[in-house]
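Undergrad: Residue numbers (our numbering), protein chains in the order written: chain G, 1 to 307; chain X, 1 to 307; chain H, 1 to 307; chain R, 1 to 307; chain W, 1 to 307.
Among the hints, a few may not be true.
Since the list gives no way to pick out one identical chain from another, each pair is judged satisfied if it fits inside one copy or across any two copies.
As the list claims (entries may be wrong) - Simulated crosslink set (SDA-like; lysine to any residue; CA at most 25 Å straight-line): (1) K179 <-> E114; (2) K305 <-> E151; (3) K219 <-> Y64; (4) K6 <-> A261; (5) K219 <-> N258; (6) K179 <-> S110; (7) K6 <-> R287; (8) K219 <-> S107; (9) K9 <-> S107; (10) K6 <-> R128; (11) K9 <-> P53; (12) K6 <-> P66.
For the record, the hints were derived by calculation from the structure and aren't laboratory data.
Spelled out from the first residue to the last, the chains are:
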Amino acid sequence: MTFPHKVRKILDCYESDTPGTKANLCRILMQGHLAGTGKVVILPVDQGFEHGPARSFAPNPAAYDPRYHFQLAIDAGLSAYAAPLGMLEAGAAHFAGQIPTILKLNSSNSLATEQDQAVTGSVADALRLGCSAVGFTIYPGSEYAFKQMDELRSLAEDAKAAGLAVVVWSYPRGPMLDKAGETALDICAYAAHMAALLGAHIIKVKPPTAHLSLPAAVKVYEEQNIPRATMAERVRHVVQCCFDGRRIVVFSGGENKNDTAALLEDIQGIADGGANGAIIGRNTFQRPRAEAMDLLARIVDIYRKAE
Amino acid sequence: MTFPHKVRKILDCYESDTPGTKANLCRILMQGHLAGTGKVVILPVDQGFEHGPARSFAPNPAAYDPRYHFQLAIDAGLSAYAAPLGMLEAGAAHFAGQIPTILKLNSSNSLATEQDQAVTGSVADALRLGCSAVGFTIYPGSEYAFKQMDELRSLAEDAKAAGLAVVVWSYPRGPMLDKAGETALDICAYAAHMAALLGAHIIKVKPPTAHLSLPAAVKVYEEQNIPRATMAERVRHVVQCCFDGRRIVVFSGGENKNDTAALLEDIQGIADGGANGAIIGRNTFQRPRAEAMDLLARIVDIYRKAE
Amino acid sequence: MTFPHKVRKILDCYESDTPGTKANLCRILMQGHLAGTGKVVILPVDQGFEHGPARSFAPNPAAYDPRYHFQLAIDAGLSAYAAPLGMLEAGAAHFAGQIPTILKLNSSNSLATEQDQAVTGSVADALRLGCSAVGFTIYPGSEYAFKQMDELRSLAEDAKAAGLAVVVWSYPRGPMLDKAGETALDICAYAAHMAALLGAHIIKVKPPTAHLSLPAAVKVYEEQNIPRATMAERVRHVVQCCFDGRRIVVFSGGENKNDTAALLEDIQGIADGGANGAIIGRNTFQRPRAEAMDLLARIVDIYRKAE
Amino acid sequence: MTFPHKVRKILDCYESDTPGTKANLCRILMQGHLAGTGKVVILPVDQGFEHGPARSFAPNPAAYDPRYHFQLAIDAGLSAYAAPLGMLEAGAAHFAGQIPTILKLNSSNSLATEQDQAVTGSVADALRLGCSAVGFTIYPGSEYAFKQMDELRSLAEDAKAAGLAVVVWSYPRGPMLDKAGETALDICAYAAHMAALLGAHIIKVKPPTAHLSLPAAVKVYEEQNIPRATMAERVRHVVQCCFDGRRIVVFSGGENKNDTAALLEDIQGIADGGANGAIIGRNTFQRPRAEAMDLLARIVDIYRKAE
Amino acid sequence: MTFPHKVRKILDCYESDTPGTKANLCRILMQGHLAGTGKVVILPVDQGFEHGPARSFAPNPAAYDPRYHFQLAIDAGLSAYAAPLGMLEAGAAHFAGQIPTILKLNSSNSLATEQDQAVTGSVADALRLGCSAVGFTIYPGSEYAFKQMDELRSLAEDAKAAGLAVVVWSYPRGPMLDKAGETALDICAYAAHMAALLGAHIIKVKPPTAHLSLPAAVKVYEEQNIPRATMAERVRHVVQCCFDGRRIVVFSGGENKNDTAALLEDIQGIADGGANGAIIGRNTFQRPRAEAMDLLARIVDIYRKAE
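Make a model of the complete structure from these sequences and hints.
TA: Given below as structure tokens:
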């Protein structure tokens with residue numbers, strides 16, 4: 001039973017981390033159908049916090065039950081399951097040891113008055129719930145970006161000391177950015193790079209468009225002819241911006257949630273660009289379970305072939 | 001094996017510091033091609049945070065990999081390498097002990113809505129990563145200057161107790177200053193002096209122009225005939241403002257990044273003015289490695305002759 | 001060897017303080033040429049922070065070196081030397097034990113956008129540097145006055161527990177006050193009283209003018225015929241406002257820095273009014289050392305005769 | 001006003017200490033009749049704890065009042081006064097600032113069942129009482145020696161961080177030593193050396209006899225012809241064992257408390273051997289005050305001439 | 001400028017340690033004449049504590065001064081200098097950065113009544129003194145072995161978090177062992193193995209004899225024909241017992257202090273057995289400096305050739 005070369009190569013990039021953090025990264029990389037491929041598909045369920053329960057779960061009422069998501073992630077052979085405190089507490093004991101979990105430490109909500117998130121969990125929570133990682137969202141560009149980075153700094157320091165991995169959701173928004181800017185290639189790459197600089201082990205960003213936003217950046221992308229016509233080209237650039245591929249980068253499913261073919265095409269492009277995988281929530285759990293299982297099988301398949 | 005007189009003289013200026021801090025200053029002063037001369041050239045790589053990855057690294061894609069910068073600093077015989085948390089984590093184990101490192105504890109970014117920086121590292125991080133110093137940026141003149149000084153005070157107190165050195169980047173900006181004011185001689189000297197008053201061991205400022213900004217200062221500079229026609233004269237004044245040369249003062253490379261001759265002329269002037277050295281990033285790592293090595297060799301040479 | 005009655009009388013006023021704080025007050029009262037007289041002359045050097053280095057030191061370049069001020073205070077037989085962190089660190093080891101030092105814990109600067117100060121030192125810093133007291137500035141009248149008083153409360157609490165004395169610079173300014181108001185007698189007396197109420201051991205204010213500022217106060221001053229024609233009368237009132245002379249009150253040198261005769265006349269008036277002494281910086285270190293020594297000798301002489 | 005060369009030379013030996021600790025050592029070295037000579041005479045009054053009040057104070061009942069000892073030390077021009085918590089609390093406020101005090105942090109008593117001491121004070125106590133140093137006794141050779149060294153380590157670490165000096169009484173006793181062994185030259189030198197290794201700033205031992213105790217040491221003393229015939233020779237050896245004279249070493253008055261001539265002869269020998277001074281308690285406060293003053297004057301005189 | 005392969009190979013064995021600890025191990029491995037060879041010679045000076053000052057230093061009185069040993073280690077091109085708190089404090093500021101230092105955290109003495117050691121330093125002391133490592137002695141076989149291991153566990157945990165290396169002196173003694181047993185091959189190998197199991201980065205043991213002590217071990221050594229006739233064979237076995245050579249193992253100079261030829265022969269054997277080097281104190285500093293320099297040069301030479 002040789003340890004997969006691809007996992008070894010990834011773990012070697014985390015050279016300053018403790019064996020505990022490496023072990024938790026390894027657990028995620030060795031779980032489910034993608035075990036050993038260096039690719040991951042992670043199920044995140046924090047939409048209830050962000051958009052409210054009915055918007056999130058009414059299309060597939062079984063999903064109101066937190067155990068639904070644990071079981072879905074396990075049955076679909078995914079790599080990890082990420083959720084806020086209460087969601088994990090509602091299933092962590094029963095599913096203990098069956099799938100790596102990621103405790104999302106902060107969350108926003110649709111009633112919020114500010115572009116910020118509330119810290120709703122701790123590293124101690126993550127340890128008692130048996131999580132492999134903590135997750136944290138930053139909004140680069142927001143008036144709260146510095147505050148969020150400060151919070152992340154402190155939580156990540158504790159998490160690393162406790163041997164946990166750190167997953168950073170880096171979602172640009174704020175007064176500097178229009179809607180197109182939030183997913184512009186330069187902004188997405190920048191957001192991913194900032195997460196890497198902040199010490200993230202796993203970086204989650206949205207699939208970038210070919211749009212460019214910051215004037216100073218536009219100039220460079222054009223002068224340097226950085227390819228951005230295809231999703232694969234754009235993702236390749238984002239991966240490069242994560243320490244030249246030395247950090248795990250995963251992408252959300254994008255906006256095509258009603259068009260499965262387009263969604264899969266996007267994911268194929270992301271995979272072709274060298275991404276480490278997908279974090280995909282709404283697109284799956286809002287469908288009936290059979291459909292979700294089918295969709296997840298196809299996504300897993302794309303990444304299995306991409307290795 | 002006599003200990004260099006010039007290093008002894010510098011260390012003696014830090015009379016209130018612990019042997020630990022002195023040892024870390026000594027490590028920087030005894031590293032690379034300038035070892036023992038009392039001069040230093042430091043490679044800082046925080047431009048990815050400030051300007052984004054593509055603007056920083058696309059001109060020389062090898063620089064996307066954090067290990068590139070460690071190796072460049074080592075191979076060019078530099079004195080230390082400074083970077084944010086993630087950059088150091090990505091190479092600190094492999095390059096452990098090969099070059100003194102400086103953990104930049106705060107960072108700004110081009111999406112920021114405020115003239116502030118996020119705190120993105122800690123003294124404990126610096127210790128576990130084997131750093132010789134921590135770095136911190138203040139923006140005198142910004143609405144966040146007092147907050148930043150408070151943060152620096154607390155971090156510097158911890159760093160000194162743990163035997164680390166403290167490097168302060170002092171970059172004036174804010175509502176009191178127009179663009180010319182930010183590098184005006186009086187402002188630059190003032191910024192350097194404030195860093196010294198805040199207890200910095202190493203002070204980094206930008207090369208000053210002959211411009212004067214604060215009306216109350218203009219009067220004094222003219223009455224006292226403080227020479228400021230040449231870069232050397234201006235730097236001599238900044239050095240004087242750092243406790244009459246009793247603190248290490250280093251300068252960035254300035255704005256001439258596309259004109260190597262002008263850049264070297266600036267650096268020659270800075271060296272002639274008695275500066276302790278250069279902190280020079282973009283001007284080097286954005287060139288192909290061979291060119292960067294050549295440029296750094298010339299800068300090192302200027303300081304070696306200046307000793 | 002009888003302990004001077006005047007010092008005993010002063011120390012007895014600090015009846016709730018620890019022996020440590022009394023010992024440190026005593027050290028200041030028993031130092032230099034005024035030892036035992038109950039009078040003090042203190043050298044403060046924080047002008048570099050407030051006005052920038054060139055405006056502070058260019059008229060007498062030897063003063064760029066922090067050690068200059070330690071030596072000046074010692075040689076002139078002064079009672080204590082007050083300065084921010086970096087200034088003290090640059091000489092505290094060499095001059096250890098030769099003159100009581102006061103660590104100024106907050107400082108403003110001419111680039112500041114707010115009428116506030118940055119906290120730039122701690123009680124732990126004061127202890128490791130061997131200081132006898134900490135110093136803190138409040139701006140009664142500023143939008144930041146309450147924040148500053150909160151900061152002072154916390155720092156003073158720590159300082160007192162560690163046996164240090166607390167010196168408060170009370171400088172009224174802010175939207176309620178015009179320029180004349182800042183040194184109006186009622187305002188100056190009020191500022192001194194607030195410092196006393198905040199628990200200061202030594203209170204520093206500016207010499208008051210005969211002007212009155214607060215309408216409600218004008219009425220009382222006139223009804224009660226509070227004398228304010230001469231400096232001595234005004235200072236006597238301020239002293240009275242500091243717990244009827246039961247707190248040490250010292251005055252800055254005022255604005256007459258270019259007219260030595262006027263300066264000395266002011267100081268004579270202040271001394272005649274029963275002040276405990278002077279905190280005088282710029283007026284001394286901006287002159288050539290011989291002149292400064294001469295001026296300080298004359299000020300010390302005024303206070304020696306005033307006892 | 002030149003700072004005495006002898007004090008400078010001594011302070012320079014404490015190169016790793018903070019300015020605070022240096023300042024407190026300086027205070028002791030600049031106090032009383034021996035100010036500036038590099039010599040000290042310290043009054044310790046912990047005999048009440050060790051032998052009970054009547055045995056200590058009945059011969060001179062005025063000494064029951066703790067203030068008696070403060071006043072004696074001040075009036076005799078001594079360098080410092082050392083006592084346990086209660087003794088200092090009973091006078092520290094009244095005598096604040098008049099003489100450096102040393103808070104004895106542990107004490108034994110005649111009812112004790114073990115060769116140990118109780119810790120009866122803290123570094124925080126020393127700060128609130130305005131002490132310049134803390135004192136601690138170790139019994140090398142006792143079954144409690146390791147425990148005492150552990151306690152000293154922790155207290156000394158705190159004291160040094162707070163800028164206090166550390167005085168160690170090193171009194172060998174225990175099952176390995178007979179009565180003669182306790183003051184044997186080899187044992188006394190060893191005890192002094194251990195105090196130095198434990199980080200003491202001031203070391204107090206008993207005057208050594210010419211006796212040698214440890215068989216393995218006897219051999220070396222004889223082979224190396226270490227002179228030990230006279231008190232001066234023996235003290236010179238002890239001084240050498242304190243880092244070749246780089247730590248302040250003081251001696252108790254010895255056993256001749258009823259024979260003043262013999263006592264003074266011992267002290268002359270100790271002074272001739274290069275000791276930094278005397279810690280002398282019982283021999284003075286058990287005499288009528290006039291006699292004590294006379295004796296102390298003669299001891300001070302011996303050290304003044306010895307400089 | 002290629003990093004030496006032998007140092008890389010050693011550092012790679014410490015895979016679970018932080019970059020800080022690796023950097024400090026690297027500093028030791030890259031210092032002095034053996035820099036880059038994977039071999040080290042360390043000067044330990046704790047004999048003053050163990051045997052008393054005269055037995056340690058009288059043969060070469062210059063060695064009473066702590067600075068002598070720093071200078072000897074530097075001038076002889078050694079890899080590090082190890083000593084208790086007071087010894088390091090007496091030179092750490094002057095020699096800051098010139099040679100890696102190891103703070104010995106516990107020490108025994110010849111007056112001790114128990115086979116234990118006192119803890120006389122802390123990790124915070126090591127940081128403020130700029131040390132690269134802490135040192136700790138355990139006595140496997142003593143009644144205090146478990147207590148010592150507990151102390152080591154706690155101190156090593158702190159040291160590792162602060163990026164320091166941990167050196168363990170493992171000296172078997174106690175009721176289970178006769179004199180011959182203390183250096184018996186099985187016991188020495190066992191002691192080295194326990195140090196490795198306790199998490200030591202560098203292990204120091206005494207050169208083993210061919211004697212075997214534990215009856216249960218004798219049987220295995222004989223059945224397995226473990227070679228032990230020569231010093232090289234015995235050392236090879238000890239190295240194997242330190243995780244098959246994956247921990248740095250160094251040996252004391254042995255008992256032949258009066259016979260240089262025998263000493264060098266032992267060291268040659270130790271080097272031939274694959275040891276990483278020597279920790280050698282008394283054998284060097286008890287000779288006149290010129291002789292010590294000569295002896296150290298020869299020892300360094302043995303290890304340079306052994307690489």
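Undergrad: It remains to establish, for every hint, whether it holds in the given structure.
TA: Against the structure, the hints:
no.: 1; hint: K179 <-> E114; result: both (17 Å within a copy, 20 Å between copies)
no.: 2; hint: K305 <-> E151; result: neither (38 Å within a copy, 46 Å between copies)
no.: 3; hint: K219 <-> Y64; result: between (48 Å within a copy, 18 Å between copies)
no.: 4; hint: K6 <-> A261; result: neither (29 Å within a copy, 42 Å between copies)
no.: 5; hint: K219 <-> N258; result: between (35 Å within a copy, 15 Å between copies)
no.: 6; hint: K179 <-> S110; result: both (17 Å within a copy, 17 Å between copies)
no.: 7; hint: K6 <-> R287; result: neither (33 Å within a copy, 32 Å between copies)
no.: 8; hint: K219 <-> S107; result: between (35 Å within a copy, 23 Å between copies)
no.: 9; hint: K9 <-> S107; result: neither (32 Å within a copy, 30 Å between copies)
no.: 10; hint: K6 <-> R128; result: between (30 Å within a copy, 23 Å between copies)
no.: 11; hint: K9 <-> P53; result: between (40 Å within a copy, 23 Å between copies)
no.: 12; hint: K6 <-> P66; result: between (33 Å within a copy, 20 Å between copies)
Going down the numbered hints, you'll see the structure goes against 2, 4, 7 and 9, while the others check out.
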